[in-house]
Amino acid sequence: MASLAKSRDFHRLSPVWNVTFNLIAGLFSLACVFPFLFVMILSFTDEKTLARNGYSLFPEKWSLAAYEYIFKAGDQLLRSYGVTIFVTVVGTVLSLIFISLFAYAISRKSFKYRTYFAFFAFFTMLFNGGLVPTYIVTTKLLGLQNSIWALILPLTVNAFYIMIMRTFFSTMIPDAIIESGKIDGAGEFGIFFRLVIPLALPGLATIALFSTLGYWNDWFNALLYIEDPSIVPLQSMLMRIENSMQFILQNTNNPSLGMGVLQSMPQDTSRMAMVVLATGPIVLAYPFFQRYFIQGLTVGAVKE
Amino acid sequence: MSSTRKKLTFGLTSILAASLVLGACGNNKAADNSAASGNGDKGETVELSWYTIGTPQKDVDKVMEEVSKYTKEKIGATVKMTMIDWGDYNQKMQVLTASGASMDIMFTASWAFDYVQNARKGAFAPIDELLDQYGKGIKETLDPAFLEGSKVDGKNYGVPANKELPAQEVWRFNKNILEENNLSFEGVRTLESLEPLLKTVKENNPDVIPFQVDKNFMPYVPYDYLIEKFPLAVKLDDTEYKVVNVFETPEMKQALATMNKYYKAGYVPTEAATLESSSDVQATGLWFADKATTQPFADNVWSTSYGYPIISTPQSDALVYNLSVMGSMQAISANSKHKEKAMEFLNLLNTDPVLRNMVDSGIEGTHYKKVDDTHMENLPESKNYDMPTFSLGNVMLTYLNPGDPDNKWEEFKSYNDAGQPAILLGFNFDPSKVSTEIAAVQNAKEAFWAPLMTGTVDPEAYVPKAIEKLQAAGLDKIMAEAQSQLDAWKAANNK
Amino acid sequence: MKALGRHLKDINRNKAMLLMVLPASLWFICFSYLPMLGTIISFKEYRFSGSFLSSIINSKWVGFDNFKFLFRTDDAYIITRNTILYNAVFIFIGLVLAVAMAIVLSEIANKRLAKWYQTGMFMPYFLSWVIVGYFVYSFLSYDRGMINKIAIALGADPTQWYSEPKYWPLIIVLVFLWKSLGYNSVIYLAAIMGIDKSLYEAAMIDGANKWQQIRNITLPMLTPLMTILTLLAIGRIFYADFGLFYQVTRDSGTLYSVTNVIDTYVYRGLKTTGEIGMSTAAGLYQSFVGFVLVITSNYIVRRFNKDNALF
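Protein chains in written order, with this note's numbering: chain U, 24 to 327; chain G, 8 to 502; chain F, 216 to 526.
What the hints contain is simulated information worked out from the structure, not anything from laboratory work. In this text, all values refer to a predicted model and were calculated from it rather than measured experimentally. Check before you lean on any hint, since a few could be wrong.
Claimed, not checked - Ranges between beta-carbon positions, derived for each pair:
#: 1; chain 1: U; residue 1: F94; chain 2: G; residue 2: D494; range: 57 to 63 Å
#: 2; chain 1: G; residue 1: A498; chain 2: F; residue 2: W276; range: 28 to 34 Å
#: 3; chain 1: F; residue 1: V311; chain 2: G; residue 2: E283; range: 34 to 40 Å
#: 4; chain 1: U; residue 1: K84; chain 2: G; residue 2: E199; range: 36 to 42 Å
#: 5; chain 1: U; residue 1: E91; chain 2: G; residue 2: Q261; range: 35 to 41 Å
#: 6; chain 1: G; residue 1: D494; chain 2: F; residue 2: N273; range: 29 to 35 Å
#: 7; chain 1: U; residue 1: E91; chain 2: F; residue 2: S269; range: 47 to 53 Å
#: 8; chain 1: G; residue 1: I474; chain 2: F; residue 2: G278; range: 31 to 37 Å
#: 9; chain 1: F; residue 1: F279; chain 2: G; residue 2: Q478; range: 20 to 26 Å
Think of the CB as a built atom: it goes at the ideal place given N, C-alpha and C, for glycine as much as any other residue.
Extracted from the complex, chain U is given alone in its bound form (with noise of 0.2 Å):
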């Protein structure tokens, strides 16, 4: 109760339950990270010590073959993640702006369709035609094989962040803002981009955010898509070499298979190895991100 007197933060909590808050976010948050540092010292370990002592976070003897090989097997590794830079970028900012707008749209009272796009939307999240189909439709009727263009469209557009957005609309953003806006004579966009936007950033970093890491992720439209070696994102290509691997290992058995084949691959650690060239970017970049939603930020907004 004696916090009443010093309401510079009125959300302080007290003492006890702070401390508590924080160990549990706190354990918890070790537990997710811990599994990602074994995986990093994994990567560095000699693979046979691996074999004959399993799974150890103080290696008998460490070792970069890992990378070796893939740095080797993908000596176009800055090339794949300039080209994971770019789709990302560009597919963020592009999924940002079809997403936000229809969402708004569709948030919008006033609009008198707005029913009728939200199932439209909604009911592609339950019924897709399956992998052929959408590859004919990409490159038959698109024509994007081998376009860089392949990576960017397939992502753009996500009925579940659609929806998300939508609800960030309605809540966040009050009807009075708009209809102020209205009083002063702007038009929708006008609305949209002057007043609404600015309070909607934490949706909008969300919703970028996950964009973000969908593009970032995504090595299955490249496999499908891209022939060229020079517009293979990161991700594709170290799942096209965990993949190879992977097989070669199911069909150990397969005497035309050829065992030179297997014995030149350091198979765990360098998965483990891919795991955080993978990751590694994007969990640096993370924390621009994380400003709007832990910081918040604290727009005037409604200023009676």
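Got chain U; can you put chains G and F on it based on the hints?
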């Protein structure tokens, strides 16, 4: 304010337009490409599109240029090879085929883009007549068992690669540990006969796994399976050609009991039933015995590959199964517009050493150099063109490596000739009428297959349960269907 | 004629909004609705013959035959039960914990620490199920797993985890929560950040303590989001995350009674025959049931609060 709106509208529309235009650009490019290759039709030279398996190599295009020069002269065709990585092959080929992409020749096998399945689905063109007209060389060089065994519903759909033919199961031993314990594998042939050796190793070498087994393991029984890892089979010497449930046979029952005995005694790894592959253990060398399929000079290959000596002894006869002939095939796409030329190319590939070695090793002088008439050596550049030899065609035309014995291919030939056809060679079961039952049986069998085969569970208790579940899932219906198909095939082929 | 005139007037009045939905709508048509036409394969015995279109046209119509394998045996009951039960637990517990964690994070005094915690919680999202499977294995392996080693040290007997079905429902739920909690709580965290601070100020002035504030402001403000996310999850209640049930369980046969879900059943069943019609049929079945459930739930929600419904 409306000017803002106008600007925004403009901005939006232009983004949209840009996306569409870029898409259209892609379309035009695609159209251009197809027009370009269409021109090839009108002219004399045909461009063949060849899809093969393996990690894409840097110098593929370079080598194909050389190959094309050669083939243009010989048969009036150029070759464009597209390599698809091991792990992606199935998925990618499925999608390419289903979308009707234009391909001429593609690699297929029982374990990659399933040959039988896709032949039935209509992905490949039947090649019997093509072989007679343009593939005479192939017919002459291949052991007839290859073409017999790869018939699907009476027709051939792929050209098998000439390589080792019969499959023979062997027991492999880690030579060091064998000698350490003064053991000999003389007289070892059956699963039971392994016991004394396993016992000794278990006592003397606590760190070593006596019998390395993983979830893919199946004890050898003298039966030919209708479908891989599926309980229906026919006994190898059965003149009646009766289809049986393998779990009801005395041989399998005994084998499973022995495996259970070994498991309980600790000879088999505890988690064998969920172990995907033994390669980790093989890398460490801490195992004593396991089961494998052999080929000529296999011991040498294994020893070099693992880095420690391996020695083996047979546990079964060398028989030619359906799977043996479907290990590596080249099929002609049903959509191909140049089927005759494709066959001509395959004929050349499988008979002409010059072409075959070019495709296999690259450009002479750049990727490899010839040491003498039959031997070659890889040059440093060869790392940019490292191809999986067995997947490209007749391996017996390829030059030998410096370490290979001179009579390598002769040995292969005599090994192939000595192989006897297995009872079901040439019969490929058509599952389309019973696909529902097969899906159900698959799930039922997967639940206990690995645990039984690896000896993890007690067969006395489990096998009756297993049989019951299989029946409930519809095994009988599948068996009846299989039997009627088999009887029809038997009659048609006078067996 | 008048109706047409009225329609055109409506369109004109809504033209700004319509323009806004245009880009994404075009996208949906291209990438979702056009391919959806391909579901017709579920009713055909798909065989290749030329282009995709001609393949479809020439393939034999088989009605509902492709769906039969999903209902044939006892397994049908098991997989359906497993899928629904696991998803129900995931949805419910996932929701409660995600909201709870979001509130916890938003209340922690030291914002920098909270940021670190939150970054950490996100990590599991980046690991694929294959890798997660390895981890679980490093804990549960009979010979080398951490848990058995600890058990032996404490004098107990080691357990063959991958052969005992009874532990797995718990294991699967724990692994799922571990992997998804960080990701899911972000959405709620962002929503909490968007709540108007003046509401809390007013509550404090009225003498409400922390818990009352949470109960009366935070939770109600989050309700629309919680409802939507739950409805969306219900739509996917027949879909299971394949990686979780296949990789983490190492495809162990003895565990099937508690780990076989519709997706794994379909995968295992179609490995031999590769019938595309059957796999498409399975997908259609999953979609359809989910669809019916969502429409029903949505209707129920509408009765309570029109605004919270999906549509």
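Results for each hint:
1. Remark: the range hint 57 to 63 Å for F94 (chain U) to D494 (chain G) is upheld by a beta-carbon distance near 58 Å.
2. One distance hint, 28 to 34 Å for the beta-carbon pair A498 (chain G) and W276 (chain F), holds here, with the actual separation near 32 Å.
3. For the pair V311 (chain F) and E283 (chain G), the beta carbons lie near 36 Å from each other, so the given range of 34 to 40 Å is met.
4. For the pair K84 (chain U) and E199 (chain G), the supplied restraint of 36 to 42 Å holds, since their beta-carbon distance comes to about 40 Å.
5. For the pair E91 (chain U) and Q261 (chain G), the supplied restraint of 35 to 41 Å is violated, since their beta-carbon distance comes to about 49 Å.
6. Look at D494 (chain G) against N273 (chain F): about 30 Å separates their beta carbons, and that is inside 29 to 35 Å.
7. A hinted range of 47 to 53 Å holds for the C-beta pair E91 (chain U) and S269 (chain F), which are about 49 Å apart.
8. Distance hint check: the CB atoms of I474 (chain G) and G278 (chain F) are about 32 Å apart, consistent with the given range 31 to 37 Å.
9. One distance hint, 20 to 26 Å for the beta-carbon pair F279 (chain F) and Q478 (chain G), holds here, with the actual separation near 24 Å.
In this structure, the one hint that does not hold is number 5.
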